[in-house]
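Engineer: The residues making up each chain are set out below.
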Amino acid sequence: MALAPDPMLPRRARVLASRQDTRDTWTLELELDGAAPLPFAPGQFNMLWPFGVGEAPISICGDPAEPARIVHTVRAVGAVSQAIAAAAPGAVLGLRGPFGHGWPTVQAIGHDVLIVAGGIGLAPLRPVILELLAHRGQYGRAALLYGARTPADALYGHELDAWRARGLQVLTTVDVADRAWTGAVGVVTRLIPRAEVDPARTVAMVCGPDVMMRFTAQELTARGFPAARVHLSLERNMRCAVALCGHCQYGPTLLCRDGPVLTWERLRPLTSVREL
Amino acid sequence: MSEALGLEDVLREHPFTTGMRPEHLRELAGCAREVLLAAGTFPIREGDAADTFYALRDGAVAIEVHAPSGPLVVQTLHAGDVLGWSWLFPPYRSAFDARVVEPARALAFDAPCLRGKAERDHELGYALMLRMARVFTSRLAATRLQLLDLYGPRA
Ligand SMILES: Cc1cc2nc3c(=O)[nH]c(=O)nc-3n(C[C@H](O)[C@H](O)[C@H](O)COP(=O)(O)OP(=O)(O)OC[C@H]3O[C@@H](n4cnc5c(N)ncnc54)[C@H](O)[C@@H]3O)c2cc1C
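Residue numbers (this note's numbering), protein chains in the order written: chain A, 1 to 276; chain B, 1001 to 1155.
Only chain B is shown next, with the shape it has when bound in the complex (with noise of 0.2 Å):
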C-alpha cells in the first residue's frame, strides 16, 4: 500500500526514475516531499520563481496558456508526468500556468536544493538531466504532431 511506502520507495515507482541507481534516488529523495495537490489550485503561475519541480503519481494538472478569449489548456499532466523545467536555467521563472485539474498526489522537489546537488555531483546532474531531456524530447514530438493537425485536413 502506497501510505506505508517511504519517500525513496515512492520515488523509485515514479516512471521518471526509471533505471536510476540507488544512491541517487536516496539524493533525490532528500529534496523530495509528498503533497497533495488540490483541485482548482495553481501550482505553478507564470512568472513566478520556478522553486518546485513535481513528479505526479495521479490525478490531472492543466498546463494554461492566456489568450484573449480565455485561458487555453494546451496540454494536460497526468500519472508519471513531470512537472516545470523552468528551475533548470536562469532566471529560474515558469513560463505557464499549471492548475489541478483533478486532485493530485505529487512529489514536490525543492528546485534550490536539486541544483546545487546536481552541480556537486555531475553522475547525479547527467542522470538528471538524461531524464530531463528524455521529457522534452517526448513533449517537443508531441507538441510538433499536435502542430501538424494530426486529425486530418481542416474542411
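Excised from the complex, chain A in its bound form (with noise of 0.2 Å):
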C-alpha cells in the first residue's frame, strides 16, 4: 500500500484554462500530474502556492462529481492571490489538499436549503449548489440569495438562469445599479423575506465577509431559522492547514481543521469577543 502523502507536501497542478469573471476576479481550472483525481467535499479548500510568492487557502469552486477538473476561483487582493489570479493556461502551482470540514450537504438531504453569498463567497458554495441541483428529488425547496457591489461583480453570471431553471429561486442584489440592472438593489438580508423556504426545516448555508455573515445570521435566526442549522463559512488566514500552527485559530476553534465552516450556534458566542 503506498503512504498516504504528507499534507505539508505540495502537488504540481497545471493550469488548463483561466477566465476573468469580473474586475478583479479570476477562474482557474487545474489538473493535477497525470489528470490524478482530487475527491473532494462541498466547502473545503487547497493551499495553492505560486512558486517564489506564498501559499494562500482558496476554496475548491468545482463540480464534486468531476474530481479531476479542479475549479477555484480567487479575488486578487494581496501578493499570493494575484500571482494565483495572474497564472496563465500551462503554469503550474503547488497544491496541498483538499482541507477542512464542508458544508453540510448530507444533513441537509430532506430539508429546504437556503443558500446566502456575498461577493467572492459564491465560489465556496457552488460545489453545493451543483450537488443539490444534480440531486434535486432529495432536497426541498431550495433558495440562493446573492449581493455583490454592484452588477459587474456578480459571479457566475451565465449559470445563475441555469440554475434557475433547473429548480432552484435565484434572488440577486447589488447595493447600486443603473436601470438596465433588473434585479433587486439593496444589502442581501433584505432578501431573505423573499426566500421561499419554510425557516423551520431549513439547513442554512452562508458565505461572505464576516460583517455580511454575522448580520445574516442574526436577521436569519430572528425570522426563525434555528442557529444550529445555521452554517457559516470563516475564511480566516491560515498557514499550515492541518491544525498545526495555531494561525488560524479562533476562540478555542482551530478553523483549518474544525472548519472553515461551522454552525452559527457555535459561533455565536465567540462574536461578541472582539478582535478575535
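Derived from the structure by calculation, the hints contain no laboratory data.
Listed below are several chain B residues computed to face chain A (Cβ distance under 8 Å; list not exhaustive):
#	residue
1	A1062
2	V1073
3	Q1075
4	A1142
5	L1148
Here the structure is a predicted model, which is why all the values come from computation and not from measurement. Beta carbons: idealized from backbone N, C-alpha and C, even for Gly.
Two chains, each in its own frame: build the complex with the hints.
Structural biologist: Rendered as C-alpha cells:
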C-alpha cells in the first residue's frame, strides 16, 4: 500500500484554463499530474502555492462529480492571490489539499436549503449548488440569495439562469445599479423575507465577508431559522492547514480543521468577543 | 383567493399591520384603495406633493436618485414593503423618485386622511408611528450595511 501523501508536501497542478470573471476575480481550472482525481466535499479548500510567492487557502468551487477538474475562483487582493489569479494556461502551481470540514450537504437531505452568498463567497457554495441540483429530488425547496457590490461584480452570471431553470430560486441584489439591472438593489439580508423556504425545516449555508455573515445569521435566527442549522464559512487566514501552527485559531476552534464551516450556534458566543 | 378579500383583509395580511388592533385596521382601511402600479410608471416623483403612502403586495419598485451619469437605483422594494414616508412631515414633498420595475398590486393610502385620523386618535397614531419607526430603523440598518462595503475591501 502506498503511504498517505504528506499533507505538508505540495503536488504539482497545471493550469488548463483561466477566465476573468470580474474586474478583480479569475476562475482557474487545474489538473494534477496524470489527471489524478482530487475528490473533495463542498466547502473544502486547497492551499495553492504560486512558486516563489507564498501559499493561500482557496476554496474548491468545481463540480464534486468531476474530481479531476479542479476549479478555483480567486479574487486578487494581495501578493499571493494576485499571483494565483495571474497564472496562465500551462503554468504550474503547488497544491496541498483538500482540507477542512465543509458544508452539511448530507445533513441537508430532506430539508429545504437556503444559500446566502456575498461577493466572492459564492465560490465556496458553487459545489453545494451543483450537488443539490444533481440530486434535486433529495432536497425540499431551495433558494440562493446572492449579493454583490455592483452588477459587474457578480460572479457566475452565465450560470444563474441555468440554476434557476433547474429548480433553484435565485434572487440577486447589488448595492447600487443603473436601470439596466433587473435584480434587486439593497443588502443581501433584505432578500431573506422573499426566500421561498420554511425556516423551521431549512438548512442555511452562508458565505461572504464577516460582517455580512454576522448580520445574515442574526436576521435568519430572528426569522425562525434555528441557529444549529445556520452554517457559515469563516475564511480567516491559515498557514499550515493541518491544525499544527495555530495561525487560524478562533477562540477554542482551529478553523482549518474544525472549519471553515461552523454553525452559528457555535460561532455566536465568539462573535461578542471583539477582535478575535 | 385575494380577489375575494375585502380591503381590510388585504390590509391585515400585509406585514406592515402585523399585530394591529381590528379597530385600527378598520380606520386605516378607510383611507386606502387597491391600486395596480404599471411597470415603468412613477407613483412618486422627487419634489412632488407626498400625498400617498403605499403598501406593496407584490411586484417591485425602485427608489431612484438622479446623478450626473443618469438615474441610480439605490434600493428596490418588494412584496411586504411600504413605500413613501415624506407624507409624515411638513413640507410633505417627496425626496426620491419611485419607478415601478415589475407591475405591483398595492394599497394606496390617502396621506391627509391618515394624518387626520392619527391626529384625532393618538392610539392609532402611535400604532402607525411605531410601524413606521420599525421601517425607518430597518432601512437605516440596511443602508449602514450598504455603506460598509459589505462584500469586502476594494481590491
Ligand atoms: C478556508 C479559506 C477559503 C478561502 N477561499 C477563497 C477563495 O475561494 N477565493 C479567494 O479569492 N479567496 C479565498 N480565501 C481568502 C484567501 O485565502 C486570501 O485572500 C489570501 O490568503 C490573501 O493572501 P494575499 O497574499 O493575496 O493577500 P494579503 O497581502 O495577505 O492580503 C491582502 C488584503 O486582503 C485581506 N485579506 C487577506 N485574507 C483575507 C481573507 N481570508 N478574507 C478577507 N480578506 C482577506 C487582507 O486583510 C489585506 O487587506 C479563503 C480563505 C480561507 C481561510
